[in-house]
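Protein chains: 2
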Amino acid sequence: MAQQERAIETRAAIIRGAAAAFQTRGYGSTSLAQVSAAAGVTKGALYFHFDSKEALAVAVIDAQHEASAAIGRTLLSENVLGLRAIIIMSLELARQLHEDPIVSAGVRLTIEAANFETPVAGPYLDWMEACEEYLRRGIAEGEISPDIDTVAMAHFIISAFTGVQVVSDVLTGRDDIEDRLIEMWAVVMPSLVPTDRWLELKDLPTRIREERAAA
Amino acid sequence: MAQQERAIETRAAIIRGAAAAFQTRGYGSTSLAQVSAAAGVTKGALYFHFDSKEALAVAVIDAQHEASAAIGRTLLSENVLGLRAIIIMSLELARQLHEDPIVSAGVRLTIEAANFETPVAGPYLDWMEACEEYLRRGIAEGEISPDIDTVAMAHFIISAFTGVQVVSDVLTGRDDIEDRLIEMWAVVMPSLVPTDRWLELKDLPTRIREERAAA
Numbered sequence: 001m002a003q004q005e006r007a008i009e010t011r012a013a014i015i016r017g018a019a020a021a022f023q024t025r026g027y028g029s030t031s032l033a034q035v036s037a038a039a040g041v042t043k044g045a046l047y048f049h050f051d052s053k054e055a056l057a058v059a060v061i062d063a064q065h066e067a068s069a070a071i072g073r074t075l076l077s078e079n080v081l082g083l084r085a086i087i088i089m090s091l092e093l094a095r096q097l098h099e100d101p102i103v104s105a106g107v108r109l110t111i112e113a114a115n116f117e118t119p120v121a122g123p124y125l126d127w128m129e130a131c132e133e134y135l136r137r138g139i140a141e142g143e144i145s146p147d148i149d150t151v152a153m154a155h156f157i158i159s160a161f162t163g164v165q166v167v168s169d170v171l172t173g174r175d176d177i178e179d180r181l182i183e184m185w186a187v188v189m190p191s192l193v194p195t196d197r198w199l200e201l202k203d204l205p206t207r208i209r210e211e212r213a214a215a
Numbered sequence: 001m002a003q004q005e006r007a008i009e010t011r012a013a014i015i016r017g018a019a020a021a022f023q024t025r026g027y028g029s030t031s032l033a034q035v036s037a038a039a040g041v042t043k044g045a046l047y048f049h050f051d052s053k054e055a056l057a058v059a060v061i062d063a064q065h066e067a068s069a070a071i072g073r074t075l076l077s078e079n080v081l082g083l084r085a086i087i088i089m090s091l092e093l094a095r096q097l098h099e100d101p102i103v104s105a106g107v108r109l110t111i112e113a114a115n116f117e118t119p120v121a122g123p124y125l126d127w128m129e130a131c132e133e134y135l136r137r138g139i140a141e142g143e144i145s146p147d148i149d150t151v152a153m154a155h156f157i158i159s160a161f162t163g164v165q166v167v168s169d170v171l172t173g174r175d176d177i178e179d180r181l182i183e184m185w186a187v188v189m190p191s192l193v194p195t196d197r198w199l200e201l202k203d204l205p206t207r208i209r210e211e212r213a214a215a
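Sequence order for the protein chains is R and D.
If you're matching positions, the first sequence starts at 1 in the UniProt record's numbering and goes up one per residue.
If you're matching positions, the second sequence starts at 1 in the UniProt record's numbering and goes up one per residue.
Just chain R, with the same shape it has in the complex (with noise of 0.2 Å):
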């Protein structure tokens, strides 16, 4: 049992150090030596764990998109309507992918993995679907148009938020991502919200940033 807790332990070093060795020089430059030295653990215990430098990035994405799943798993069960659902799950997002090292790396393997042997389709897909399910919820509840096309629309926020954050990394290291959010929300917003709740609903975004800030 004592071993098996140290294999757990040895292998969440590695996803951690992998996950620092690629952000800092990204995925090609990256030597298994180098995640060996960034893990502390030796070689051998690497490949014990991780057959390839791909298997090691795929773990890394994993990781990523299991603390993002949490944020999804998280608003499903505290029943939040579905409009405020996805601002949410947007900031709260962007809070992962500015402080936490394991999230920021996965993001950005997922981007640069156009090449893997394994596709890396299934965060997308999945944050597409998560998307999918709140605006029908909105919709349901009222605060969303039931004019918009729930697939479209789900695509195109997601393909938003995942420029929004690429641009935000490029330009400021994701200083500002929060704010870009905020103004991606105000564009957004006049497409999703029905005309009769526009007044009540339009500066949601920008309360529940307020909220979080001084939760």
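If you're looking for bench data, these hints aren't it; they were derived computationally from the structure.
Warning: the hint list may mix true and false statements.
As the list claims (entries may be wrong) - Using 27 Å as the maximum straight-line C-alpha spacing, the simulated DSS-like pairs for lysine-lysine come out as follows: (1) R:K53 with R:K43; (2) D:K202 with R:K202; (3) D:K43 with D:K53; (4) R:K53 with D:K53.
As the list claims (entries may be wrong) - Heads up, incomplete: computed chain R residues facing chain D, CB under 10 Å, no partners named: (5) T110; (6) M128; (7) T162; (8) G163; (9) L171; (10) P190.
As the list claims (entries may be wrong) - To spell it out: a stretch of chain D is covered by chain R in this simulated footprint if at least three of its residues, at any positions, have a beta carbon under 8 Å from a beta carbon of chain R; those stretches are: (11) 26-35; (12) 159-172.
Backbone N, C-alpha and C fix where the C-beta goes; we use that ideal spot for every residue, glycine too.
Assemble chain D onto chain R, guided by the hints.
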């Protein structure tokens, strides 16, 4: 003179080879030997023109930027209306990304290049500036609402475009980029166009797409 022409030709061949090699393997995994093989030049010729892999990447990014900037110059010289110019710019850049290997490699390098020593914020900032200029023209021409924040809107349009093309690349190798851009414009247009011009302009992105397909 013939010698100078040959040097220009060799430099262009190296840039095409580097674009192909970076696109296939990613920046970090590409060696200079692979670039000289892809370009059909000796390693000596390669080093005569470029003293590092990063210099090569920057040259590919510059060549992509030049190809893309030509879109902006054409639109400016033809005095296209601001709103129409922004939409054409997005569709034309999408076409280059899908069809021109130097453009797709350059954009991918820009995204991977967060850890280059030379910062690559330039292309994003240039596109944002062009977009701002078109937004201001559109306001003067009455096709864009004077209430928008042109800086924030330009920043968002370029970010959203970036995300749309990244996600389209991961999910479909950019085969669906035009459909996804039309959906992006469907979301953004209500925040751009003045209410009293809405009925007349709401189908503009679709009409421009059809004009381009027929041309």
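List in ascending order the numbers of the hints, as given earlier, that are violated by the structure. none
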